[in-house]
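J.: What follows is the residue order along each chain.
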Amino acid sequence: MTVELRPTPFEPFAELSRFHELMAEQRRSAGALATFIGTMRDFNEGDTVTRMTLEYYPGMTERQLAAIVETAKARWQLIDALVIHRVGEVWPGDPIVLVGVWSTHRAAAFDACRYLMEELKSRAPFWKKEALGVGERWVSCNTPGYSSCG
Amino acid sequence: MTVELRPTPFEPFAELSRFHELMAEQRRSAGALATFIGTMRDFNEGDTVTRMTLEYYPGMTERQLAAIVETAKARWQLIDALVIHRVGEVWPGDPIVLVGVWSTHRAAAFDACRYLMEELKSRAPFWKKEALGVGERWVSCNTPGYSSCG
Amino acid sequence: MIGLSEIRRASIAMSIRVRYFASLREKMGRVEETLAAEGLETVSDVWKAVSEGRPLPEQILCAVNMDYATPESLVADGDEVAFFPPVTGG
Amino acid sequence: MIGLSEIRRASIAMSIRVRYFASLREKMGRVEETLAAEGLETVSDVWKAVSEGRPLPEQILCAVNMDYATPESLVADGDEVAFFPPVTGG
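Chains as they are written, first to last, in our numbering: chain X, 1 to 150; chain Y, 1 to 150; chain C, 1 to 90; chain G, 1 to 90.
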């Protein structure tokens with residue numbers, strides 16, 4: 001189980017590929033990989049966003065992410081998990097968060113991946129400040145993730 | 001929305017990366033990408049599986065996959081979706097299925113990705129025949145995917 | 001007088017193509033066959049025609065022209081009917 | 001007689017480090033401060049000490065030693081207490 005904070009841009013597919021290959025024999029028995037990649041949008045609440053700064057709480061952020069991953073590991077049968085989250089300045093189109101969950105069964109992979117994302121969004125100490133055309137503003141809250149559009 | 005049947009091995013992360021890049025400007029506004037990758041396990045029902053043959057129904061398989069994707073598109077607000085499924089001979093560790101769903105919101109991406117996988121497994125005409133140490137056998141049914149281990 | 005091409009067209013039109021897949025294909029010992037359409041009104045009739053009158057096993061799925069169907073679904077000249085076991089993709 | 005090093009140790013131990021993040025950090029106009037621990041029993045006491053006696057705003061989250069806490073959570077000498085707005089990562 002790997003949790004990383006990244007101060008510089010990352011390429012999510014290359015990260016997933018590298019992590020997957022490093023699993024060697026184990027990956028053969030995995031069977032299911034569910035992932036989520038969140039990238040920065042160039043709009044929010046009707047405004048164009050040109051840049052964003054991600055603040056975090058060094059020490060607590062890592063601690064909370066590790067706790068969330070441990071809970072997922074205890075709750076589902078997982079082979080491995082990878083969580084990468086950007087900090088610092090990000091631009092539209094930049095990946096912000098990557099969650100990957102390897103399991104023998106797809107239900108566990110899907111459930112754990114979503115759980116990690118929802119917990120990360122509601123518990124991990126990160127704060128987004130958006131740079132607009134004129135001025136800046138803090139994002140005030142995250143949208144709940146379990147509502148369906150269907 | 002792209003649906004492909006592949007008679008030869010594919011690299012899921014490279015496929016996702018290529019598809020993602022081709023989206024150009026649109027991807028900037030996507031925000032959320034949920035994916036599922038299913039790889040061949042080297043065991044099933046307690047036996048070592050050395051090889052597998054994926055049979056399909058040319059014409060109907062493509063038609064059913066396209067219908068499933070259309071239904072997802074009507075039900076959720078999606079930017080794009082990619083479905084790749086292997087046919088022919090596969091070996092342990094080989095990717096079998098890749099589903100990627102791009103959306104503005106993570107709930108739609110997660111829900112639609114899972115919907116596509118469950119529908120694909122229950123409706124798309126594919127059949128697996130496993131080669132064991134001695135002999136071969138048809139996989140008799142897919143496990144339901146909505147049960148949680150939690 | 002009926003020309004050869006008309007006979008051929010008629011014989012093609014008045015038939016139903018039946019296809020089998022996976023374990024059912026192996027059990028039937030054939031990949032496909034073409035039936036004369038006369039007297040075949042439903043998928044169930046088609047199955048009986050190819051299986052010496054036996055009823056369609058409960059777990060066997062059927063399709064007409066590549067859409068899922070039921071044993072009661074109607075069939076017509078030129079249709080493609082398929083029978084296969086539960087699908088196991090993904 | 002108390003030596004200088006003992007005084008220093010005591011002054012370090014008898015303190016609580018308070019940290020602020022994001023919009024709250026900007027509102028407070030400071031990143032962190034160190035309070036004398038005397039008379040501070042709960043997170044709520046710490047907040048009152050840094051905000052001229054005002055109650056902790058409902059939406060502000062708090063942590064003690066990097067674990068989430070409530071206004072009623074106890075604090076002790078040497079603790080790190082943090083206040084911040086709702087998190088918006090992911």
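Any given hint might turn out to be false.
[As the list claims (entries may be wrong)] Below, a list of computed lysine-lysine pairs in the DSSO-like style, where the Cα atoms sit at most 30 angstroms apart:
1) K129(X) <-> K48(G)
2) K27(G) <-> K73(X)
3) K129(Y) <-> K48(C)
4) K48(C) <-> K73(Y)
[Claimed, not checked] If you want a taste of the chain C side facing chain Y, the calculated C-beta under 7 angstroms gives, among others:
5) F21
6) T70
7) P71
8) L74
9) V87
10) T88
Hints in this document: simulated from the structure, not taken from any laboratory.
This one's a predicted model, so the numbers in the text were calculated from it and none came from an experiment.
A virtual CB, placed ideally from N, CA and C, is assigned to each residue, including glycine.
J.: Evaluate each hint against the coordinates.
T.: Structure-based check of all given hints:
no., hint, verdict
1, K129(X) <-> K48(G), "holds (27 angstroms)"
2, K27(G) <-> K73(X), "violated (38 angstroms)"
3, K129(Y) <-> K48(C), "holds (27 angstroms)"
4, K48(C) <-> K73(Y), "violated (39 angstroms)"
5, F21, "holds (6 angstroms)"
6, T70, "violated (15 angstroms)"
7, P71, "violated (18 angstroms)"
8, L74, "violated (18 angstroms)"
9, V87, "holds (5 angstroms)"
10, T88, "holds (4 angstroms)"
Hint compliance for this structure: hints 2, 4, 6, 7 and 8 are not met, and every other hint is.
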